[in-house]
Amino acid sequence: MSVVEQTRAAAPSPFRPPPPPPGAVRPAPETPADVLDELTAVVTGAGGAILASVDGFAVASSSNMEDDAAHAAMLAAATGLARQLMTIGGGNELRQLVVDHDEGLLLLWPIGEHLVLAMVAERTVDQSRLRAFVRSRVALLTGARRS
Amino acid sequence: MTDHVFKILVTGPFAAGKTSLIQSVSQTPVVSTDVVTSGDESEVKDATTVAMDFGTYSIEDDAIRLLIFGTPGQPRFRFMTNILKGDVDIVTFVVNAEARETHPSAGVELRSLLADLRVPAVVAVNRCDDQDEAEKIARSLGATDVARVIPCQLIDEDSGREVVIEILTTLLERMEDDDEADDDGDETAVADDNDAERELEAVTA
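Protein sequences, first through last, are from chains A and E.
So the first sequence is numbered by my numbering: it starts at 37 and just counts up by one.
So the second sequence is numbered by my numbering: it starts at 16 and just counts up by one.
One chain only, chain A, in its complex shape (with noise of 0.2 angstroms):
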């Protein structure tokens, strides 16, 4: 064999996938801080993430967010007052809360009517693809809700 045929045989397959770097495959999420983990990591410019009961406690965090009581009771009173504030504009279901500032952004999310979910993020990040992320891992997240 021709040093060139040994270069060839050796080099990956344009065909073929190079095989994933150590640590590249996730597992399938199984609890709701699995989900913010995976949300965290998978989404380009995603911080941490934070799920909380509507009531303010603490539900999961995403393993890289400060363990902080405050942090929960804080998403569930800006929730409650946006729930209110939206009725400004006549809406009836909040969907989003956006809290745009010099650092980046905090993103909530109501999930069911138990939870509300925090995102720490980069103001550039891909929010459609944020949102759809989270739609998709619903079921797991709601399983949470303290009981």
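To be clear, the hints were calculated from the coordinates, so they are not data collected in a lab.
Built from N, CA and C at the ideal position, the CB exists for glycine as well.
Footprint (simulated), chain A over chain E, 3 or more residues, beta carbon under 8 angstroms: (1) 51 to 60; (2) 65 to 75; (3) 88 to 102.
Pulled from the structure, derived: some chain E residues nowhere near chain A, Cβ distances all over 10 angstroms: (4) Arg80; (5) Ser120; (6) Ala162.
With chain A fixed as given, assemble chain E onto it according to the hints.
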């Protein structure tokens, strides 16, 4: 025309009757941020305030208008109290006489509130009909320097209105005191205050 607008803060521990007070007296639809409770709190009541309640109360064709802001009761929402207490004219601390287990923490909260308060405070002792008992509870909480202690039944609208009348009376007394302390006081303003007091007397008569 509104001559006087007062901001009232209604605060106190979880399930004391703060939202009931505002709902029973407000003359405009109450802005409420109640959500369903979970965990241990769901055994006490079904819904709880997570941000604020807001209601209004006016007398004499809106000559005096009260803007009533209610806080959540749980310590985890204390930041809302800190936000809402700015520029208040009077604080109303509501406590449930029957929920004795809440009194120690309510006392800590009340004493903390009174420590840096520059406006009058009243204590509304809910589920209590006896003035002496109400004052005893207020003293046990550390309420030694409050303008009034009011026994009340806040599930009853009339009782809620009586609390508001006591709040109004306290505010007008404070205005009188402030005017008397001001040597260069504006006589017109005093006259306005006297008018306001007469209006209040007409309402409460």
